[in-house]
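Dock chain H against chain Z, hints included.
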Amino acid sequence: MTYPDDRRYPQPDWPQPSTEPYGRTPGYGSYGRGPGQEPSRSGYDDSPHDRYGQAARHEPYAHQPYAHETHRHGADLAALRSAYRVLRRVSTLTALGSFVVYVVLSCYATELMGARITGELSLGMALGILQLVVTFAAVFSYGRSARRSVDPLARVVRERAAGRTAGVAR
Amino acid sequence: MTDVDSGSQAIVLVLFTALVTVTLMMCVMAGPDRDDLTNFYTGYRSLTPLKNGLAIAGDYISAATVLSTTGIIALAGYDGYVLAVSTALSLVLLMFLMAEPLRNAGEFTMGDVLARNMPGRAVRIAACVVTLAATLPFLVVQLSGAGSLLTFILDMPHGAGARTACIVIVGCLMIIYAALGGMRGTALLQMIKIVILLGTSVVVAALVLNRFDWSPGELVRAAQQGSGTGPAFLQQGLQLGTSVGDRLDFIGLQITVVLGVACLPHITMRLYSAQDVPAVRRSMSWAVGTVTTFCLLVIVVGTGAAALVGSRSILAADPHGRTSVLMLSQALGGAHASAGATILYSAVAGMVFITLLSSVAGMTLAAASSLAHDLFAHAARRGRAEPRTEMTVAAWTCVAVGTVAITLATLVQNWDVGVLTTLAICIGASAVAPALTYSLFWRGFTRTGLLATLYGGASCALVLMVFSEAVSGTPSAVFPNADFHWFPMQSTGLVSIPFGYLAGWLGSRLDHRRHAADSRASRRLYDESEARLLAAAE
Numbered sequence: 001m002t003y004p005d006d007r008r009y010p011q012p013d014w015p016q017p018s019t020e021p022y023g024r025t026p027g028y029g030s031y032g033r034g035p036g037q038e039p040s041r042s043g044y045d046d047s048p049h050d051r052y053g054q055a056a057r058h059e060p061y062a063h064q065p066y067a068h069e070t071h072r073h074g075a076d077l078a079a080l081r082s083a084y085r086v087l088r089r090v091s092t093l094t095a096l097g098s099f100v101v102y103v104v105l106s107c108y109a110t111e112l113m114g115a116r117i118t119g120e121l122s123l124g125m126a127l128g129i130l131q132l133v134v135t136f137a138a139v140f141s142y143g144r145s146a147r148r149s150v151d152p153l154a155r156v157v158r159e160r161a162a163g164r165t166a167g168v169a170r
Numbered sequence: 001m002t003d004v005d006s007g008s009q010a011i012v013l014v015l016f017t018a019l020v021t022v023t024l025m026m027c028v029m030a031g032p033d034r035d036d037l038t039n040f041y042t043g044y045r046s047l048t049p050l051k052n053g054l055a056i057a058g059d060y061i062s063a064a065t066v067l068s069t070t071g072i073i074a075l076a077g078y079d080g081y082v083l084a085v086s087t088a089l090s091l092v093l094l095m096f097l098m099a100e101p102l103r104n105a106g107e108f109t110m111g112d113v114l115a116r117n118m119p120g121r122a123v124r125i126a127a128c129v130v131t132l133a134a135t136l137p138f139l140v141v142q143l144s145g146a147g148s149l150l151t152f153i154l155d156m157p158h159g160a161g162a163r164t165a166c167i168v169i170v171g172c173l174m175i176i177y178a179a180l181g182g183m184r185g186t187a188l189l190q191m192i193k194i195v196i197l198l199g200t201s202v203v204v205a206a207l208v209l210n211r212f213d214w215s216p217g218e219l220v221r222a223a224q225q226g227s228g229t230g231p232a233f234l235q236q237g238l239q240l241g242t243s244v245g246d247r248l249d250f251i252g253l254q255i256t257v258v259l260g261v262a263c264l265p266h267i268t269m270r271l272y273s274a275q276d277v278p279a280v281r282r283s284m285s286w287a288v289g290t291v292t293t294f295c296l297l298v299i300v301v302g303t304g305a306a307a308l309v310g311s312r313s314i315l316a317a318d319p320h321g322r323t324s325v326l327m328l329s330q331a332l333g334g335a336h337a338s339a340g341a342t343i344l345y346s347a348v349a350g351m352v353f354i355t356l357l358s359s360v361a362g363m364t365l366a367a368a369s370s371l372a373h374d375l376f377a378h379a380a381r382r383g384r385a386e387p388r389t390e391m392t393v394a395a396w397t398c399v400a401v402g403t404v405a406i407t408l409a410t411l412v413q414n415w416d417v418g419v420l421t422t423l424a425i426c427i428g429a430s431a432v433a434p435a436l437t438y439s440l441f442w443r444g445f446t447r448t449g450l451l452a453t454l455y456g457g458a459s460c461a462l463v464l465m466v467f468s469e470a471v472s473g474t475p476s477a478v479f480p481n482a483d484f485h486w487f488p489m490q491s492t493g494l495v496s497i498p499f500g501y502l503a504g505w506l507g508s509r510l511d512h513r514r515h516a517a518d519s520r521a522s523r524r525l526y527d528e529s530e531a532r533l534l535a536a537a538e
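Protein chains in written order, with the UniProt record's numbering: chain Z, 1 to 170; chain H, 1 to 538.
So that you can see chain Z by itself, here it is in the shape it has in the complex (with noise of 0.2 Å):
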């Protein structure tokens, strides 16, 4: 199986990130907008690689308003991004993981799975049975990282949003 987000296969035709905002963590003060200022999407409509980590390519539109409030938008979008990333790839993998060396197992050691443990429980059938003990677990864990990881992210990017409406309404 492969994902999509992996890309694995570099396109030429497109730029490619230069540097994967990993780990970076939402620091940012919130920044005031002045009334009646129209939103400017300069810099937003671009390729989407170059917003974050390049900070020379924001220095043309330093002078506009919103170019320093789309590049923080777009730092807290990363932050978030990463973090979704690092959630799915790691939940997604061990739960598929475990499970398709279970069958593999299952399939071509069936004298190891066949061994006993006590009495009449083979190691195949306690293994399954594991799992899906363990399941209760894995989903407990992954709500508890999700709440620490990802929710406090995707709180700052919603009241973010939120702030730009705001100030277009305005």
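Think of the hints as simulated: they come from the structure by calculation, not from any bench.
Just to be clear, a hint being listed does not mean it is correct.
Now the stretches of chain Z that chain H is said to cover, found in silico as 3 or more residues with beta-carbon under 8 Å [claimed, not checked]:
id	region
1	84–91
2	108–120
3	129–136
4	143–153
By construction, the Cβ of each residue, glycine as well, lies at the ideal position given by its N, Cα and C atoms.
Structure of chain H alone, referenced to chain Z:
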């Protein structure tokens, strides 16, 4: 079923009528107002996470899952245990990988998710076609199974007339639930079903364990004897065989189940009715917990069926063992005509009945919603349909989908159509899963790629399935006397899932080359909607 006396049949009939009356009343009372689309499709997103989670679990555990999984465990032992694990894991994977972005991206149907970055009628039509291709086979197999199951439960003569009557009755009820209840009404139905299902399974599993003095070892030993296979009962290979190709087929089937079942449209549709991201996470936690508990119980129940009923009787009643739960409840009841035996049999029969009803109703609603929302409102009327008109169309498409399903189920009732379940899951894994993962996580995904994934994955699964071992050439196939198979497997996932992903990638590459402007446009739309996708920011 010669030993069920007329008294317990009368009780079963009364129970069925009571179940139908109560659920119909609740369904209609919870149903939507005449011209409120959001209410019809999502129930205002007003369900609490616990309720929504139970509804997801209810939709997820279809009658096919309950009856076939028990049967496979009873007949094939270890292979059935692996199937139970993969069934539970599929929902876990949906939760980890897609549930949250899917909730943010979707509105009412799968077409909304896929078309958000690629507006256009072709996408909507493709989404609708694949939704139908994935839900209709599932619907037909369960309806045609309903015929034989109900005649079995009520001990009617196994003539075609009685089965047709049962199919038509269940089909009409399912249309009424879906058309009048909408999302909210069917959610209530699913909650009632999952509570009854879990309650009955707990009781049956406890009775099984009690019979063996709460010793799993004794139970497993008795199951090995009852299955007549001895130690092979606890090793992989009874279901599909032990040659190299058979084992590959087994691995392919399990991976298809893991990727495909949870992606089916009638399950993802429930996610859109969650309030926000924490709510969808809690809903999914409840759903996964419920489904996992059920899978643990089904292992005990299936092993108990092998131990107490024995594979010979199970096979005599149904080659797939779908009646094993019912036969187990009779075996547990022991002495005929005792009150306890009658109550247990009625409870299990009622559980099977409500499970059948609710799963077909959920699938009808998913298919009809896609027809009304994607095909009528967005493809035919280009998104300018009045909500009131769309509601009316949705109700009538429920009737249409139901009628088609009833007709097909009646036509195929004499064939062994269990293969249609596999087909639906294969289409889910090779068309729906690639389309959703690409659409949610790959910004370079384009319209051509999406169409290639949906049509390519679905048709690859369909063609391979038609020419597979499961349809012709083997004694257990749909057409055992004909032989036109050239695909040597029972399920197509091992080939069609990579094909679906490859088709999407190649299609997108083609768009980058040929229609650079279009592909840039869909990339820009992805970027603009990313805040909404990840954080639900408007």
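### Task
Given that the region 129–136 of chain Z was listed as covered by chain H, double-check it with a C-beta distance under 8 Å for 3 or more residues.
holds (count 6)
Tell me whether the statement that chain H covers the region 108–120 of chain Z is true, taking a Cβ distance below 8 Å and needing three residues at minimum.
holds (count 7)
Residue count check for the region 143–153 of chain Z against chain H: does it reach three with CB-CB under 8 Å? holds (count 5)
request  = Quick one: see if chain H covers the region 84–91 of chain Z, three-plus residues with Cβ-Cβ under 8 Å.
outcome  = holds (count 3)
Violated hints for the displayed structure: none, as all numbered hints are satisfied.
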